[in-house]
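Novice: The lines below spell out each chain.
Protein chains: 2
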Amino acid sequence: MKKFIKLNPSQLLISVFVVSISVGTLLLKLPFSTHDHIKWIDALFIATSAMTVTGLATVDPGTTFTTFGQLIIALLIQVGGLGIMSFAVLIFIMLGKKIGLKERLLMQHALNQTSVGGIIKLVKYLFVFSITIEMIAMVFLAIRWVPQYGLSKGLFYSFFHSISAFNNAGFALWPDNLIQYVGDPIINIVISFLFIIGGIGFTVLVDVWKKRSYRKLSLHTKLMLTGTLVLNIVAMFFIFCVEYSNPQTLGNLSLGDKLWASYFQAVSPRTAGFNTVDMGGLDETTIFFIIILMFIGAGSGSTGGGIKLTTALVIGLATVTFLRGKNDIVVSKRTINSSFILKALAITMISIVFVILGILLLNITEKEASFLDIMFEVVSAFGTVGLSTGLTGMLTFAGKQIIIFIMFLGKIGPLTLMFSLASPSKEKIRYPQEDILTG
Amino acid sequence: MKKFIKLNPSQLLISVFVVSISVGTLLLKLPFSTHDHIKWIDALFIATSAMTVTGLATVDPGTTFTTFGQLIIALLIQVGGLGIMSFAVLIFIMLGKKIGLKERLLMQHALNQTSVGGIIKLVKYLFVFSITIEMIAMVFLAIRWVPQYGLSKGLFYSFFHSISAFNNAGFALWPDNLIQYVGDPIINIVISFLFIIGGIGFTVLVDVWKKRSYRKLSLHTKLMLTGTLVLNIVAMFFIFCVEYSNPQTLGNLSLGDKLWASYFQAVSPRTAGFNTVDMGGLDETTIFFIIILMFIGAGSGSTGGGIKLTTALVIGLATVTFLRGKNDIVVSKRTINSSFILKALAITMISIVFVILGILLLNITEKEASFLDIMFEVVSAFGTVGLSTGLTGMLTFAGKQIIIFIMFLGKIGPLTLMFSLASPSKEKIRYPQEDILTG
Ligand SMILES: [K+]
Ligand SMILES: [K+]
Numbered sequence: 001m002k003k004f005i006k007l008n009p010s011q012l013l014i015s016v017f018v019v020s021i022s023v024g025t026l027l028l029k030l031p032f033s034t035h036d037h038i039k040w041i042d043a044l045f046i047a048t049s050a051m052t053v054t055g056l057a058t059v060d061p062g063t064t065f066t067t068f069g070q071l072i073i074a075l076l077i078q079v080g081g082l083g084i085m086s087f088a089v090l091i092f093i094m095l096g097k098k099i100g101l102k103e104r105l106l107m108q109h110a111l112n113q114t115s116v117g118g119i120i121k122l123v124k125y126l127f128v129f130s131i132t133i134e135m136i137a138m139v140f141l142a143i144r145w146v147p148q149y150g151l152s153k154g155l156f157y158s159f160f161h162s163i164s165a166f167n168n169a170g171f172a173l174w175p176d177n178l179i180q181y182v183g184d185p186i187i188n189i190v191i192s193f194l195f196i197i198g199g200i201g202f203t204v205l206v207d208v209w210k211k212r213s214y215r216k217l218s219l220h221t222k223l224m225l226t227g228t229l230v231l232n233i234v235a236m237f238f239i240f241c242v243e244y245s246n247p248q249t250l251g252n253l254s255l256g257d258k259l260w261a262s263y264f265q266a267v268s269p270r271t272a273g274f275n276t277v278d279m280g281g282l283d284e285t286t287i288f289f290i291i292i293l294m295f296i297g298a299g300s301g302s303t304g305g306g307i308k309l310t311t312a313l314v315i316g317l318a319t320v321t322f323l324r325g326k327n328d329i330v331v332s333k334r335t336i337n338s339s340f341i342l343k344a345l346a347i348t349m350i351s352i353v354f355v356i357l358g359i360l361l362l363n364i365t366e367k368e369a370s371f372l373d374i375m376f377e378v379v380s381a382f383g384t385v386g387l388s389t390g391l392t393g394m395l396t397f398a399g400k401q402i403i404i405f406i407m408f409l410g411k412i413g414p415l416t417l418m419f420s421l422a423s424p425s426k427e428k429i430r431y432p433q434e435d436i437l438t439g
Numbered sequence: 001m002k003k004f005i006k007l008n009p010s011q012l013l014i015s016v017f018v019v020s021i022s023v024g025t026l027l028l029k030l031p032f033s034t035h036d037h038i039k040w041i042d043a044l045f046i047a048t049s050a051m052t053v054t055g056l057a058t059v060d061p062g063t064t065f066t067t068f069g070q071l072i073i074a075l076l077i078q079v080g081g082l083g084i085m086s087f088a089v090l091i092f093i094m095l096g097k098k099i100g101l102k103e104r105l106l107m108q109h110a111l112n113q114t115s116v117g118g119i120i121k122l123v124k125y126l127f128v129f130s131i132t133i134e135m136i137a138m139v140f141l142a143i144r145w146v147p148q149y150g151l152s153k154g155l156f157y158s159f160f161h162s163i164s165a166f167n168n169a170g171f172a173l174w175p176d177n178l179i180q181y182v183g184d185p186i187i188n189i190v191i192s193f194l195f196i197i198g199g200i201g202f203t204v205l206v207d208v209w210k211k212r213s214y215r216k217l218s219l220h221t222k223l224m225l226t227g228t229l230v231l232n233i234v235a236m237f238f239i240f241c242v243e244y245s246n247p248q249t250l251g252n253l254s255l256g257d258k259l260w261a262s263y264f265q266a267v268s269p270r271t272a273g274f275n276t277v278d279m280g281g282l283d284e285t286t287i288f289f290i291i292i293l294m295f296i297g298a299g300s301g302s303t304g305g306g307i308k309l310t311t312a313l314v315i316g317l318a319t320v321t322f323l324r325g326k327n328d329i330v331v332s333k334r335t336i337n338s339s340f341i342l343k344a345l346a347i348t349m350i351s352i353v354f355v356i357l358g359i360l361l362l363n364i365t366e367k368e369a370s371f372l373d374i375m376f377e378v379v380s381a382f383g384t385v386g387l388s389t390g391l392t393g394m395l396t397f398a399g400k401q402i403i404i405f406i407m408f409l410g411k412i413g414p415l416t417l418m419f420s421l422a423s424p425s426k427e428k429i430r431y432p433q434e435d436i437l438t439g
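Those protein sequence lines, which keep their order, are chains A and B.
Sequence positions in the first sequence follow our numbering and run 1 to 439.
Sequence positions in the second sequence follow our numbering and run 1 to 439.
Hints are computed from structural coordinates only; laboratory data are not their basis.
Possibly wrong hints are sitting among the right ones.
Copies of the same chain are indistinguishable here, so a pair counts whether it falls within one copy or spans any two.
Derived SDA-like pairs (lysine to any residue); straight-line CA-CA distance at most 25 Å [as the list claims (entries may be wrong)]:
| id | residue 1 | residue 2 |
| --- | --- | --- |
| 1 | K326 | F68 |
| 2 | K367 | V234 |
| 3 | K39 | Q248 |
| 4 | K343 | G316 |
| 5 | K367 | E284 |
| 6 | K400 | E368 |
| 7 | K343 | V353 |
| 8 | K326 | N337 |
| 9 | K326 | Q148 |
| 10 | K400 | F288 |
| 11 | K210 | G281 |
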């Protein structure tokens, strides 16, 4: 135990994830977890997918697993989504142990908070808030599903999908995900509300709750709110226009259903991963567009993945600032520190490198698959999104291993991994500057 | 004339390119330029492709154009490759006019030199050096082609391909480019020597010529030499391994020819655009890998395109520096100014955005083409590379227009365009800094 604690925060985080996924795999492999026998690789795949709140599935969760198995999946999602760290701290609290700086630093790392103080308070809020939201949403979902499936199955379905949506897991218990509810207002509103709240980042919610005035909000909150709104509107418009007459997606729907479907498929790719239209039927243009949305992802410190919206915004703002011949990135009368540019650049580049390596590897193992489907699958796994054009179910054994690894990487975060490998060192000598040519 | 001079450097550069391409289009459309009638759009396409030294072709240059037409193409390549700017200054010199600061700034912009002084001298060197290299190479190529095609055709072919190679244009007068010379040492060595020299950047050559010692070389030169060597070796190894048993590319070649082909196809994608194996027959993994090479491109101030090798290196070094927890990018005991990071970031991001927009547009116009072929075509045009998996000849009218525009953008440089649109302004107010969360 002493040796375990001696690991640095990143190594500890990775260890905890590995242990949880292993336990999850064992539980899903239990005879009463599935109706029929499933392979170890599929149990590992589903456990990793649930723990990393991705939602990709090599077997159909609805028909493969028993209610017990589905409960395990829901628990893994909840553990993964809220963050093992918050759980670890909670267990420390419940055991009455004093929380040391080391654990608090670990939490800070996990939730990406800028100050150490108030972390514990935040985790308590986080826990209470999440459970409350999930319970309220469960009631709303039950309005639809109890009449449809009866009390016990209806409630369980409401419970499962409430957890899956709030934690941005994207798991659904129907083989075609939520396609049958494409025009259903309750399902569209409740599910998307859950994953937007879960994906915008807890700090944003706390900030909105405390300030209650746009002007007083922190820069981070303003960027997240405006960015989310603009990106969602653009995405909805794009999907609506491109897919309008595609018979495999929006073509045969009424105008109202077309709008619901465009809305849902616009907000879902940035980590939620649910779908109300067939991803395999989308136009290649839309598929490529969704790949970009999946890569950008949700908010920092949320249940979502991707490089994060603020990272993308900092890069975009840095580019615009450079083009305008200015030095400081100024938004809403605040200057963004240049160290954030370097951080955003590093996050984006490492992510691009990992995604490219993933695509190259999967291209080698999946000879039959088209390049675009492979690219979609890799970015979906890396951004822990869970959408698929249909490749997941056809993956080879090697392909499954690659996607498992990418989901793991995507959730742990490339930065965390790299930090754990590299030991930071102080600059000792400062060398003279020299200009080079770029562009 | 007065009004023309009042344009800022970027606008002037764009104007000159537009005029040259228009004149080129008219000349290629002349009855004695082609054996049969060609469409205006194809004349425009070839003129743009030659002037931007891209090498993509909607009609086969070898069989479509007469020797006169091919001469026009060679001239457009030479004008485009050496840079209209150097020509403009030369014309000014020849007319005995004093070169004003404005013209010198224009030159500086075009050649990406860090100081205004010595620009004119550089252009003179550039001109003499290029012609000399091209003439020497022409002699070597004639050794192969005069015996094969007779004196007049053999010399013309040597002349044409020497210009096409040195300027990284990638135009060849055989329908299958250089595939018939896959194992020919003379062609492999002379052609690749030409485009590597032409693509590494004139400043690097001058530096090597003057210093003649690696230790004394400028940081830019060191980065370019090391980067080019490492990237070429990695690329050769990659292509050799992936394509080794592919019957459509290396599979049926002898080991020696396999090595020549891997070498050639490794060094050519970073702007040269010649090919000795069938691009359409490559494994999807190799195609994707070549897309990355094409995006990176050649050296600053060279006849090549892409975001440039140093840009990619700065981004990579910045990422590594960040991961090591350091602030300064240190290479070879020199610190790279942080302003270069912002510049490299901006260049890369604008390029990515343009490429993405191009892919989305071409996806809409080319319904029949596969996504990977479209991606390849757009990056090839943007990096002014000229390789194609076969899509160029099948482009729709709208698709041709899009590729013409992308080649133009790729050569003029996204930065130049953006600078010409935006008017730089001084920072007036400095706002307080505020932290945000990324990643
Ligand atoms: K997900
Ligand atoms: K080229």
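Novice: One pair to classify: K343 and V353, alpha carbons no more than 25 Å apart. Within, between, both, or neither?
Specialist: both (15 Å within a copy, 20 Å between copies)
Novice: Classify it for me, K367 with V234: is the Cα-Cα distance of at most 25 Å met within a copy, between copies, both or neither?
Specialist: For K367 and V234, the Cα distance is within 25 Å only across copies (23 Å; inside one copy 35 Å).
Novice: Up to 25 Å between alpha-carbons, please classify K400 paired with F288: within, between, both or neither.
Specialist: both (22 Å within a copy, 21 Å between copies)
Novice: Should K326 paired with N337 be assigned to within, between, both, or neither, using CA atoms and 25 Å as the limit?
Specialist: Result: close both inside a copy and across copies, 14 Å intra and 16 Å inter.
Novice: State whether the alpha carbon distance between K400 and E368 is at most 25 Å within one copy, between copies, both, or neither.
Specialist: within (15 Å within a copy, 31 Å between copies)
Novice: Quick one: K367 to E284, C-alpha cut-off 25 Å, is that within a copy, between copies, both, or neither?
Specialist: both (20 Å within a copy, 9 Å between copies)
Novice: What label fits K326 with Q148 when the C-alpha limit is 25 Å: within, between, both, or neither?
Specialist: Neither: 59 Å inside a chain and 59 Å across chains, both beyond 25 Å.
Novice: If the cutoff is 25 Å on CA atoms, where do K210 and G281 land: within, between, both or neither? Let me know, please.
Specialist: neither (44 Å within a copy, 61 Å between copies)
Novice: Go through the copies and call it for K326 and F68: within, between, both or neither, with a Cα cutoff of 25 Å.
Specialist: So K326 and F68 fail the 25 Å test inside a copy (59 Å) and across (49 Å) alike.
Novice: Since the copies are identical, ignore which copy is meant and state whether K39 and Q248 lie within 25 Å (CA to CA) inside a copy, between copies, both or neither.
Specialist: Intra 33 Å, inter 37 Å, cutoff 25 Å: neither.
Novice: Cα distance capped at 25 Å. Does K343 pair with G316 within a copy, between copies, both, or neither?
Specialist: both (14 Å within a copy, 13 Å between copies)
In this structure, the hints that do not hold are numbers 1, 3, 9, 11, in rising order.
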